[in-house]
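Colleague: Going down the list, the sequences are from chains A and B. Residue numbers for the first sequence follow our numbering, so the first one is 192 and each next one is one higher. Residue numbers for the second sequence follow our numbering, so the first one is 192 and each next one is one higher.
These are computed hints drawn from the structure, not numbers from a lab. Heads up, a few of these hints could be off.
As the list makes no split between identical chains, a pair holds if one copy fits it or if it spans any two.
Stated by the list, open to error - Below are the SDA-like pairs computed for lysine to any residue, each with C-alpha atoms no more than 20 Å apart in a straight line:
| # | residue 1 | residue 2 |
| --- | --- | --- |
| 1 | LYS511 | VAL538 |
| 2 | LYS377 | GLU574 |
| 3 | LYS537 | ARG508 |
| 4 | LYS511 | SER376 |
| 5 | LYS307 | SER491 |
| 6 | LYS196 | ASP341 |
| 7 | LYS226 | ASP214 |
| 8 | LYS430 | PRO326 |
| 9 | LYS314 | GLU428 |
Listed below, chain by chain, are the residues.
2 protein chains.
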Amino acid sequence: MQNRKNINSAEILAIGTEMLLGDLVDTNTAWLSRKLAALGTGIYRHTTVGDNRERIVAALQEAASRADLVITTGGLGPTSDDLTNECLALATGRKMVEYPEAREHVDEMFRRFGRKPTPSNYKQALFPEGTQLIPNPLGTAMGALLESGDTLFATLPGVPPEMMGMFEETVEPLIRSRSEGAIVSKTLWFAGMGESALAERVQDFLDATDPTVAPLAGQGKVRLRITTRAATPEEAEEKIKPVAEEILSRLGDYYFGEDEETLESAVGRLLKERGATLALAESCTGGLLAKRLTDVAGSSAYFKEGLITYSNESKERLLKVPHEMLVEHGAVSEPVAEAMAEGARKVAETDYGLSVTGIAGPDGGTEEKPVGLVWIGISDSEETFAKKLNLSAWSRSREAIRERSANAAFDLLRQHLVEVRSGAR
Amino acid sequence: MQNRKNINSAEILAIGTEMLLGDLVDTNTAWLSRKLAALGTGIYRHTTVGDNRERIVAALQEAASRADLVITTGGLGPTSDDLTNECLALATGRKMVEYPEAREHVDEMFRRFGRKPTPSNYKQALFPEGTQLIPNPLGTAMGALLESGDTLFATLPGVPPEMMGMFEETVEPLIRSRSEGAIVSKTLWFAGMGESALAERVQDFLDATDPTVAPLAGQGKVRLRITTRAATPEEAEEKIKPVAEEILSRLGDYYFGEDEETLESAVGRLLKERGATLALAESCTGGLLAKRLTDVAGSSAYFKEGLITYSNESKERLLKVPHEMLVEHGAVSEPVAEAMAEGARKVAETDYGLSVTGIAGPDGGTEEKPVGLVWIGISDSEETFAKKLNLSAWSRSREAIRERSANAAFDLLRQHLVEVRSGAR
Numbered sequence: 192m193q194n195r196k197n198i199n200s201a202e203i204l205a206i207g208t209e210m211l212l213g214d215l216v217d218t219n220t221a222w223l224s225r226k227l228a229a230l231g232t233g234i235y236r237h238t239t240v241g242d243n244r245e246r247i248v249a250a251l252q253e254a255a256s257r258a259d260l261v262i263t264t265g266g267l268g269p270t271s272d273d274l275t276n277e278c279l280a281l282a283t284g285r286k287m288v289e290y291p292e293a294r295e296h297v298d299e300m301f302r303r304f305g306r307k308p309t310p311s312n313y314k315q316a317l318f319p320e321g322t323q324l325i326p327n328p329l330g331t332a333m334g335a336l337l338e339s340g341d342t343l344f345a346t347l348p349g350v351p352p353e354m355m356g357m358f359e360e361t362v363e364p365l366i367r368s369r370s371e372g373a374i375v376s377k378t379l380w381f382a383g384m385g386e387s388a389l390a391e392r393v394q395d396f397l398d399a400t401d402p403t404v405a406p407l408a409g410q411g412k413v414r415l416r417i418t419t420r421a422a423t424p425e426e427a428e429e430k431i432k433p434v435a436e437e438i439l440s441r442l443g444d445y446y447f448g449e450d451e452e453t454l455e456s457a458v459g460r461l462l463k464e465r466g467a468t469l470a471l472a473e474s475c476t477g478g479l480l481a482k483r484l485t486d487v488a489g490s491s492a493y494f495k496e497g498l499i500t501y502s503n504e505s506k507e508r509l510l511k512v513p514h515e516m517l518v519e520h521g522a523v524s525e526p527v528a529e530a531m532a533e534g535a536r537k538v539a540e541t542d543y544g545l546s547v548t549g550i551a552g553p554d555g556g557t558e559e560k561p562v563g564l565v566w567i568g569i570s571d572s573e574e575t576f577a578k579k580l581n582l583s584a585w586s587r588s589r590e591a592i593r594e595r596s597a598n599a600a601f602d603l604l605r606q607h608l609v610e611v612r613s614g615a616r
Numbered sequence: 192m193q194n195r196k197n198i199n200s201a202e203i204l205a206i207g208t209e210m211l212l213g214d215l216v217d218t219n220t221a222w223l224s225r226k227l228a229a230l231g232t233g234i235y236r237h238t239t240v241g242d243n244r245e246r247i248v249a250a251l252q253e254a255a256s257r258a259d260l261v262i263t264t265g266g267l268g269p270t271s272d273d274l275t276n277e278c279l280a281l282a283t284g285r286k287m288v289e290y291p292e293a294r295e296h297v298d299e300m301f302r303r304f305g306r307k308p309t310p311s312n313y314k315q316a317l318f319p320e321g322t323q324l325i326p327n328p329l330g331t332a333m334g335a336l337l338e339s340g341d342t343l344f345a346t347l348p349g350v351p352p353e354m355m356g357m358f359e360e361t362v363e364p365l366i367r368s369r370s371e372g373a374i375v376s377k378t379l380w381f382a383g384m385g386e387s388a389l390a391e392r393v394q395d396f397l398d399a400t401d402p403t404v405a406p407l408a409g410q411g412k413v414r415l416r417i418t419t420r421a422a423t424p425e426e427a428e429e430k431i432k433p434v435a436e437e438i439l440s441r442l443g444d445y446y447f448g449e450d451e452e453t454l455e456s457a458v459g460r461l462l463k464e465r466g467a468t469l470a471l472a473e474s475c476t477g478g479l480l481a482k483r484l485t486d487v488a489g490s491s492a493y494f495k496e497g498l499i500t501y502s503n504e505s506k507e508r509l510l511k512v513p514h515e516m517l518v519e520h521g522a523v524s525e526p527v528a529e530a531m532a533e534g535a536r537k538v539a540e541t542d543y544g545l546s547v548t549g550i551a552g553p554d555g556g557t558e559e560k561p562v563g564l565v566w567i568g569i570s571d572s573e574e575t576f577a578k579k580l581n582l583s584a585w586s587r588s589r590e591a592i593r594e595r596s597a598n599a600a601f602d603l604l605r606q607h608l609v610e611v612r613s614g615a616r
């Protein structure tokens with residue numbers, strides 16, 4: 192592919208009737224958009240069409256009339272419903288031709304799976320004439336890179352890991368080589384502070400135009416994305432560095448990581464650094480904290496066990512929460528949150544114990560203890576304490592209360608681990 | 192709104208720069224699509240544009256040229272970025288006028304939140320002339336229903352609970368009143384059988400045109416959606432009934448519920464019916480089963496506790512798995528899966544114990560025990576047994592292996608609870 196026109200704008204076209212029917216939520220488009228935004232490519236439009244020849248051709252041509260780059264996902268399979276490359280040929284006035292390299296790839300992948308291709312599988316070797324193939328080490332469907340008029344088309348499969356790998360290996364470097372200068376983004380993650388309070392402290396940066404700083408908030412976390420363009424990546428990094436440092440000097444207490452970091456991966460990293468172990472005691476979150484901690488590969492290095500004590504009897508037996516305490520204060524209370532965290536730590540013989548007990552709803556709330564009341568407990572060898580959350584303002588869903596509770600719990604432990612607020616407690 | 196043209200086709204336009212940048216995955220469009228598909232409305236295209244006047248107007252006009260109904264989500268807020276209704280006025284050549292009813296609604300919502308509106312909040316009282324308002328009991332943003340040319344436009348907010356309520360209360364009845372006859376869908380859910388094997392047994396129905404039967408598979412579950420149209424809902428139900436019955440007579444062993452049922456809610460329902468209780472012992476799924484069980488409101492009636500034993504020491508101490516067994520067979524083995532299920536049941540004094548132990552990867556696999564090897568154990572007062580899964584074909588991600596393991600575990604317990612296969616074991 193010659194180094195032709197610069198790529199300044201892009202559109203994404205998702206192809207598949209299952210998305211039009213709502214049977215599949217398209218996550219590919221958001222992933223590609225984040226990647227393109229980080230590359231500094233303007234994104235004007237996302238479109239989804241079904242497995243319909245006329246509609247795919249029309250959507251390809253419309254997108255090409257607006258954007259330098261059109262990326263499609265889906266419709267690269269071997270069945271009669273898979274029309275993307277054929278439609279790309281129609282939209283650009285090319286013939287479909289067989290690429291021997293693609294045919295060999297189909298054979299090779301089938302050999303690897305220990306199966307034999309049928310004639311229909313070789314459909315995946317047909318591409319518009321003039322295509323540069325996009326390798327796919329994970330599946331049979333190679334993609335097409337095709338220059339037509341002022342537009343570069345890239346067809347990618349709908350299977351997320353295949354699509355992601357092919358974008359990162361082939362399409363992303365191409366966009367970089369055809370973008371003016373380098374765009375660099377750094378994302379800083381914060382928790383424990385609301386979006387507006389956080390924005391107030393860095394308003395001067397939010398108002399600035401280079402680097403730009405864009406906030407986004409959700410479920411108790413706030414993200415600031417710093418972006419700039421420069422002749423080289425190094426120069427861009429140099430422009431971002433002082434901005435990031437100044438933001439961290441103002442908000443460092445609330446900072447938990449950059450780029451792909453999550454609260455659970457930040458907690459994991461801190462535990463690992465300290466060679467420390469953790470046990471969980473969950474009531475209303477019912478395993479959500481454990482699930483998220485163990486989403487992180489390698490978490491067995493610091494996560495030892497989780498006790499999901501959904502009944503009072505379980506809290507007494509497994510966590511040694513005194514019966515009288517449960518009767519006197521109820522399961523959703525400060526002493527019980529503390530006793531759960533301490534119990535988890537002691538029975539598992541870990542360095543830290545983290546507990547959550549609350550009312551996730553929709554039922555079970557009372558005037559005194561409404562839906563959204565949550566206590567988080569933390570225990571280590573030196574101290575045990577609890578923090579109260581009132582999530583009733585977000586009480587529209589059980590799911591939201593549980594997610595926010597988990598975020599708050601991880602953040603409280605994170606703060607405790609870095610000891611940034613030891614004086615404030 | 193007069194009963195004008197029939198609504199046979201629809202497009203959905205999502206508005207918001209945060210989606211174009213990939214900062215927000217749009218779930219509204221898929222939800223609306225499922226609703227529209229169930230109403231029998233053909234959906235041709237989904238489009239997403241940013242908060243940009245020209246691009247929103249163009250997208251509205253293009254969608255109107257193709258569809259009887261154009262539904263927008265997002266862009267109804269009070270800030271300068273919220274342009275949807277203004278763009279609808281531009282696209283249809285109307286003036287923006289203030290609706291006193293909408294102004295009162297803003298005042299009323301602010302009173303309820305105990306706050307005072309600022310002048311910018313009254314922007315939410317401006318709509319294109321000729322609009323019928325869509326009430327929003329949950330927020331300040333009312334929507335617009337506007338007939339222009341051959342197209343009906345409906346503007347809905349981006350906040351999912353508000354959007355859903357407004358669609359169900361106002362837009363859905365309108366579509367029904369302007370659709371020919373009634374469309375009725377019934378979804379049947381199956382597990383424990385692959386899509387192609389299942390499709391083979393009902394191929395005659397998949398080939399039929401009325402009712403249509405459409406399969407969709409994912410993560411070890413298969414769904415069949417039966418859809419038909421008739422003069423009345425009752426007539427449509429009558430057409431669906433014999434098809435559903437015949438399908439169930441062929442595939443009943445694999446059936447776990449209809450419509451919104453999930454494997455975890457099916458298990459919960461069966462436990463509740465039997466007045467039985469459950470304890471979980473999880474290793475590789477790390478809390479995912481517990482999290483999913485407790486996603487279901489009211490699960491405390493049957494779910495007593497979950498033990499996430501991520502270390503061997505935890506398996507020994509909490510579940511009484513013999514040390515020698517762990518040494519001899521390893522944590523991922525048939526006897527350990529059985530001992531975990533039995534241990535969970537006995538220590539929690541529940542009727543059933545369910546366990547999962549496996550290798551979710553990406554690390555930790557060996558030649559003998561590769562990533563994707565998973566054992567599921569079930570124990571009740573009569574018997575304890577385990578089932579082996581080999582998920583290596585889906586081993587592309589830790590997440591997929593964990594989800595499939597959870598589905599398989601819930602399905603095994605479900606089968607055990609209905610005892611459909613007691614003879615086959």
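Colleague: Confirm or reject each hint.
Modeller: Outcome of the hint check:
1. LYS511 to VAL538: The answer is both: 9 Å in one copy and 14 Å across copies each meet 20 Å.
2. LYS377 to GLU574: For LYS377 and GLU574, the Cα distance exceeds 20 Å both inside one copy (36 Å) and across copies (56 Å).
3. LYS537 to ARG508: both (13 Å within a copy, 13 Å between copies)
4. LYS511 to SER376: neither (49 Å within a copy, 51 Å between copies)
5. LYS307 to SER491: neither (40 Å within a copy, 50 Å between copies)
6. LYS196 to ASP341: This pair counts as within: shortest intra-copy Cα distance 7 Å, inter-copy 41 Å.
7. LYS226 to ASP214: between (25 Å within a copy, 11 Å between copies)
8. LYS430 to PRO326: neither (35 Å within a copy, 48 Å between copies)
9. LYS314 to GLU428: neither (45 Å within a copy, 41 Å between copies)
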